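A.B. asks: Listed below are the residues making up each chain.
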Amino acid sequence: MFSVECSRLRFLIVDDNNHMRRIIRALLHGFGIREAYEAEDGAAGLEAFSSYSPDIVITDWAMPIFDGIELTRMIRQPETSSNPYVPIIMVTGHAERRRVSEARDAGVTEFLVKPISAKALHQRIVSVVMIPRPFIKTATYFGPCRRRTPNPSYTGIERRGKGLAEKIDPVRIGDAMRLDR
Amino acid sequence: MKPRQRSGAPQVTITRAADHEVIEPRNVLKAKAAVLLAEPRDFDETAIRRAEQALKALSINFNGWMEESVRNLSSARHEVKANGPLDGRASRLHRVAHDIRGQAATLGFPLAARVGASLCRILEAEPASKMQTGHLARLVDQHIDAIAAIVREGVTNAQHRVGEALTSELETITDRLLSGKAARNLH
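Top line first, the protein sequences correspond to chains A and B.
The first sequence runs contiguously to residue 277 in the numbering used here.
The second sequence runs contiguously to residue 503 in the numbering used here.
Treat the hints as calculated values from the structure; they're not laboratory data.
All figures in this text were calculated on a predicted structure; none of them were measured in a lab.
Just so you know, nobody snuck in bad clues.
DSS-like mimics (lysine-lysine), calculated; alpha carbons at most 27 Å apart, straight line: (1) B/LYS497 / B/LYS446; (2) A/LYS233 / B/LYS348; (3) A/LYS233 / B/LYS346; (4) B/LYS446 / B/LYS397; (5) A/LYS215 / B/LYS372; (6) B/LYS497 / B/LYS397; (7) A/LYS215 / B/LYS348; (8) B/LYS346 / A/LYS215.
Residues of chain B clear of chain A, computed beta-carbon distances all greater than 10 Å: (9) HIS394; (10) ALA398; (11) LEU402; (12) GLY450; (13) GLU469; (14) GLN475; (15) SER484; (16) THR488; (17) ASP491; (18) LYS497.
Glycine included, C-beta positions come from ideal geometry on N, C-alpha and C.
Excised from the complex, chain A in its bound form (with noise of 0.2 Å):
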């Protein structure tokens, strides 16, 4: 059975409360993780994304000017990125069902409410390393799958099923885009 090693990770924690940020990075020391960069706002956090590629971003969602789910809109951006897989825990004190809509609609990973637990924090880390979700690009959409189990009362078209797609070899994510247009 596997499980994460979390001190080869990178993270990067974006939250405008300081307090907030120690708790977030004492729990990521237990973890064993040595790599954490901090940001104070949205666009810090952009700024330090582009500088220290984290492998992880771990974000607030209330902001002042720039906040947790514009970052996500920016980080999600295809063409400008410099990783927009990047998986994202949204960490917030928001609990409300829309919100979480909000989020996921946003390309944010995994979802957190306030309190922050150490198991629940943990959780959150090994489920993005280990069973990630694939992307979905349409019109409207470039994030995480946000199917996360199947809906049995469902009864529209599945526009996901076979034959309705074209394999695509491996390839660069500059190359993906080209092929776009």
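Based on these hints, arrange chain B on the given structure of chain A.
C.D. replies: For chain B alone, kept in the frame of chain A given last:
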């Protein structure tokens, strides 16, 4: 236009359909960090235990952090009352309340988190222009006073008799206020 540096992006496999693409990036993180273990659960539990100990070591700061949050909340509230909700003052008040909702339980003040959540519901549902005077303004003040009292008195027990009664009462008033608003909106 020259593409931006993409050295951090993994290789991908793309499956194309009529109106979408399914993109499977190569799992570089698994290649980098996965370890094969006889007892992965023990390994994970040890990591979680270490993190909990790190959080415990940090907890000597938590009372001070909560007191700082209360000062920020009072100051943001004062700004809204004195100068009105514009120019980011109302959003700052909401942000501080939202921080308390999110972090107070981690800092050992679960009742303050509940009162913070109730306060956030009011601030999110009602227009900021109503927060300076009147019954809504008083209700906002009562929430802030309750959070301050919970922190001042060191109420860290979620079952604290007076603290729990105060929190429940504020939540009930907020529920009544917002359900009344929802009913009015239906008519």
